[in-house]
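Here the protein sequences line up with chains A and B, keeping their order.
This note's numbering puts the first sequence at residues 1 to 143.
This note's numbering puts the second sequence at residues 144 to 280.
FYI, nobody ran anything at the bench for these hints, they're computed from the structure.
None of these values were measured; they are calculated from a predicted model.
Don't take every hint at face value.
Unchecked claim - Restraint-style ranges between C-beta atoms, simulated for each label pair:
no., chain 1, residue 1, chain 2, residue 2, range
1, A, A60, B, R233, 17 to 27 Å
2, B, Y188, A, E73, 45 to 55 Å
3, B, T171, A, K52, 35 to 45 Å
4, B, R190, A, E116, 41 to 51 Å
Just so you know, even glycine gets a beta-carbon here, dropped at the ideal spot from N, CA and C.
Spelled out from the first residue to the last, the chains are:
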Amino acid sequence: MAPATVESFHVTPTGAQGSIPSSFTQHVHQSDLGSTVEAFIPNTKRVAARPKKILFGVIAHPRLRIKRPIRLEVSRKKGTVVAHCTDLNEFGCGVSMSDALDDFSKGIAELFFSLEQDSDRLGSDLAKLKEKLGRYVEPRPAK
Amino acid sequence: MPSPPIPTVLAMLLCDLVITDAESKKKTLVGVFERMYTPETPFIYPRGFSIYARLSDAEGHYTFKVETLYLEDDKIVQTSSIHEFNAPERLGVVEIVMVLPVMGFEKLGTYEFQLYANEVYIGRTTLKVMTPPQKGN
Chain A
1 MAPATVESFH VTPTGAQGSI PSSFTQHVHQ SDLGSTVEAF IPNTKRVAAR PKKILFGVIA
61 HPRLRIKRPI RLEVSRKKGT VVAHCTDLNE FGCGVSMSDA LDDFSKGIAE LFFSLEQDSD
121 RLGSDLAKLK EKLGRYVEPR PAK
Chain B
144 MPSPPIPTVL AMLLCDLVIT DAESKKKTLV GVFERMYTPE TPFIYPRGFS IYARLSDAEG
204 HYTFKVETLY LEDDKIVQTS SIHEFNAPER LGVVEIVMVL PVMGFEKLGT YEFQLYANEV
264 YIGRTTLKVM TPPQKGN
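From just these sequences and the hints, can you work out the full model?
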């Protein structure tokens, strides 16, 4: 079966509220490729700050998947970006937001497996953490 | 109604062009790259390029969004979105092709294209904008 495909999209310059000046508008029709594109030329002058909160949906392990998004708070301290989940009290850090998110993702994958491995001898705090983590992460079913 | 599952990104690439075969619907990615050379900034890249993403675990209705960030200061440069896309089958594959006709770059450095499904971060790819290498290097 052919995969589902998206080829049409809409580009909006960040920070532009309401109407966009017509000089920033461009219509591109690529009929020979079977796609139609409507786009605005990006306005790189108008930028927005990185949001401090992010819904995260990546797990760095092929045997796991995310059940529901993990809410993270992202902060920058002395050149290091920290992504922190207050619910799990877990964090990841790195030189950029993506490094911090990768670190967090690897951390929770390791945490999931270590809690699974020791599940029969966990104390109450770790058992609670395992239960919380299980709300966000689950093993990928074998196909 | 339960929210749709969070898709997994199998691949996310920047390329010059994505060609779709009319009969088989297979995609050909032409000119995959991860860096761009410019003698000076700011500059506009006039040729345009495409973002190709291949996802699994998607089923139901999604709004996909790509945010372009300048990584040195975490500033969002541009947002692109696809509204109301329906993925029919979770075990199938979803391919996203976003064609960016023209893009401006204010500074040298690393730009990141972050993919979101229903406002949930699911993956990224990066682009380095740099000065051309010196001859002889």
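Results of checking the hints against the structure:
In this structure the hint that A60 of chain A and R233 of chain B lie 17 to 27 Å apart at CB holds, the actual value being about 21 Å. For the pair Y188 of chain B and E73 of chain A, the supplied restraint of 45 to 55 Å is violated, since their beta-carbon distance comes to about 34 Å. For T171 of chain B and K52 of chain A, the hinted distance range of 35 to 45 Å is satisfied, since their beta carbons lie about 40 Å from each other. For R190 of chain B and E116 of chain A, the Cβ-Cβ distance of about 49 Å falls inside the hinted range of 41 to 51 Å, so the restraint holds.
The earlier numbered hint that this structure contradicts is number 2, and it is the only one.
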